[in-house]
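There are 2 protein chains.
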Amino acid sequence: MPAVATRSEMSAPAVPTGKITWLDRWLVRHMLRLAGQPRLAVELWNGERLTASSARNDSTAPVGTVQIDSRRCLLRLLTDPELHFGEEWSDGHVDIEGDLTEVLCELNRSLESTARRRNHPWRWPRLRRPGSAQAARHNIHHHYDLGNDFYRLWLDEQLLYTCAYFDQPPMSLEAAQIAKMDHVCRKLRLQPGERVIEAGSGWGALALHMARRYGVTVRSYNIAHEQVVESQRLAHKAGLTSQVEFIEDDWRNITGSCDAFVSVGMLEHVRPENYPHLGRMIDGCLPRHGRGLIHTIGLNTPRPLDRWTERYIFPGAQPPALSQMTELFEPYGFSILDVENLRLHYAETLRHWLARFEQSADRIRDMFDERFVRMWRLYLAASVATFETGWLQLFQVVFARGASNDVPWTRSHLYADARRLSSTAGESQSVRSQ
Amino acid sequence: MPAVATRSEMSAPAVPTGKITWLDRWLVRHMLRLAGQPRLAVELWNGERLTASSARNDSTAPVGTVQIDSRRCLLRLLTDPELHFGEEWSDGHVDIEGDLTEVLCELNRSLESTARRRNHPWRWPRLRRPGSAQAARHNIHHHYDLGNDFYRLWLDEQLLYTCAYFDQPPMSLEAAQIAKMDHVCRKLRLQPGERVIEAGSGWGALALHMARRYGVTVRSYNIAHEQVVESQRLAHKAGLTSQVEFIEDDWRNITGSCDAFVSVGMLEHVRPENYPHLGRMIDGCLPRHGRGLIHTIGLNTPRPLDRWTERYIFPGAQPPALSQMTELFEPYGFSILDVENLRLHYAETLRHWLARFEQSADRIRDMFDERFVRMWRLYLAASVATFETGWLQLFQVVFARGASNDVPWTRSHLYADARRLSSTAGESQSVRSQ
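The listed protein sequences derive, respectively, from chains A and B. Each step along the first sequence adds one to the number in numbering that gives the first Met the number 0, with nothing skipped, and position 129 is 128. Each step along the second sequence adds one to the number in numbering that gives the first Met the number 0, with nothing skipped, and position 174 is 173.
A portion of the hints provided could be inaccurate.
Pair ranges (Cβ atoms, derived) [unchecked claim]:
1) A/A114 to B/A237: 42 to 52 Å
2) B/P275 to A/R306: 24 to 34 Å
3) B/R71 to A/R279: 39 to 49 Å
4) B/R232 to A/R279: 29 to 39 Å
5) B/H141 to A/H288: 16 to 26 Å
If you are wondering where the hints come from, they were derived from the structure by calculation, not from laboratory data. All residues carry an ideal CB built from backbone N, CA and C; glycine is no exception.
Only chain A is shown next, with the shape it has when bound in the complex (with noise of 0.2 Å):
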């Protein structure tokens, strides 16, 4: 799992090595300093290692090393750490003796720390970029059309590409994804023969799940369109094509009545200054008794994606703080019913999505190259990270209209019999409320 970068198979021109200076030694100590003086090694490009002072004072060895192969690429660390550590990994000027995700959750701390030493209450100023649909389709191609055999190689077998729920460990992958559906079913009490509206399907799993498991009608919207192609494949296939409509259209189109919305794993694609229209929009599709579920990365504080994911792996995404989702409720007088925050259940799927990343890492070099491989790599061990530390969250919350009382008295209902459910069809009355 950790990098094993050959720098010989990359694109990046050849580096000036050289002799090391008291100046170097002065960059990378502040580098250090400013990072938190976190339990990591610094190798330069001589060999010469250096460590942060609570590293050398501390009884603990460091976590892992940072080798650092210019004194080109150690100013470029220094003048942009969050957009330049990913770009200079990429290109394969960064390593890392370790382990990846190690040394990055060891960084985390790191900097959290000093951000609270110094009190900053990590109040970012807000990014401004188009939140328009034509700029969320474009967006949303650069990521999730890169091609359904990709995601094959690494995703679950339905190819969920959303936080799993490890309710009964240990459990497979594949396990705590059908968990995770039956979870968001049991939250929404679905009913034989509701209807529900879906916005952003993925590759049409939970969709498929709560007509086959729950007897429930569904439209789904999506706009990644081999998505979209691969779902109405597989509802023609599971013979559903009745119960299950993929349409590719952009949340902002959605019109028409539902008894339940859900959405997983879409709100962090819409910006924030969108949130009162996807609210205006769901109010008009709910009626008296209507509920909904929103499954979302999420952060504590509100603050934008780091620059070097934004630019590369997720163009135009945003999580939400809880005080922002409250935008998509409040105004239309939804009652928020229940919150959960699942982030350690997302440290744990992007472990086993790590792991087979790995496994297939030559197969993804072979359909991509060697720099697409470690930028993913980063990415996904950078996301274990994140959720590990606490940097980010997944929140689950459930609503309703403000004057249903057509709602749960407790949630008595979804940890009764959990694991019945998933096996057997149809029994969907159990998930009622009391």
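Based on the hints, put chain B in the right spot on chain A.
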């Protein structure tokens, strides 16, 4: 339970009676229109009855009749219904034939549908009222120092004046209050020997329960003098003074460290502009593994408390919307783990209180006067109605330090062996998360 006021007992001046004119009838119809045509009849001072047009067209009979004893009263209801309805009711100029709670529910539903039709998102201007420690002391004295004997007549035997948890109906109020305390303690995952800080102790029931059943030590703060004295007496009587300290002081003066912070039914009395201050206090108390729970009446959309309740019942109170509550957590990087909305449980709790209040109405009249009885009857019945019709919410929010991984993976521990714990002491180990 319906109000049976004896007007002759009231101190109000003799009311002018007189013939009903076309203008009186037009004013009543106008009032019913403004209220969204509720299914109610209005009876005027000469006995003449009018109904809303929807009620006349409707096959269902009116839910009840609002009796108005004079033109003066009708004009006051029209000029400022939010404030004057309660005033005229308290003075016996307005009465209700039928079930008071049902009539108020019908009024709420009807008003809500008008607000929706007019596309009001209920964003009223915020009231600005003093939020200082001194003002808080005055406001709290007004309500909570009415005398322990008064509250003993209609609360449960442990005097819990917050929403109970009816998770295993049918349940007595007493059992549901114990279930609520256990639900809170399980959410906090209390371990024997841990230190808890409580803000707002009421009559001490939760602090004593936590010490007795979960083996923790508690420092509990309250500014309601009579409550503190009684709590201290109870701690002495239970032999728990080494574990529980009741302190008559404001939350602003809380210092020291604790493993868990808890506040049940206090936030309603903290003005939203003071949330950052309260958040900073909690931030100062909680170590890295610290966690907390805040239980409060809340709103789906920010708006001030109605003016009658604010003036006569709860001066200075302001239930928050969830967006406002996030101001407690987000500036300090707290992680919101769990939000539960127990609105229907508060409607049920209030039904119990109202029934007991009615049973003791004669004794309460002797302690105060008829006006007080009518005021509190309206307050309790209107509170049933506001929770029943979704105007008010009850939020329990669990939070932890953003970087703490000592958080449960699932919430199944809240629903396992739910009833066993409250009957057996010292078994808090079983509450541990997986």
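Going down the list of hints, with the structure as the test:
{"no.": "1", "hint": "A/A114 to B/A237: 42 to 52 Å", "in the structure": "holds (45 Å)"}
{"no.": "2", "hint": "B/P275 to A/R306: 24 to 34 Å", "in the structure": "holds (29 Å)"}
{"no.": "3", "hint": "B/R71 to A/R279: 39 to 49 Å", "in the structure": "holds (44 Å)"}
{"no.": "4", "hint": "B/R232 to A/R279: 29 to 39 Å", "in the structure": "violated (55 Å)"}
{"no.": "5", "hint": "B/H141 to A/H288: 16 to 26 Å", "in the structure": "violated (40 Å)"}
Of the numbered hints listed earlier, those contradicted by the structure are 4 and 5.
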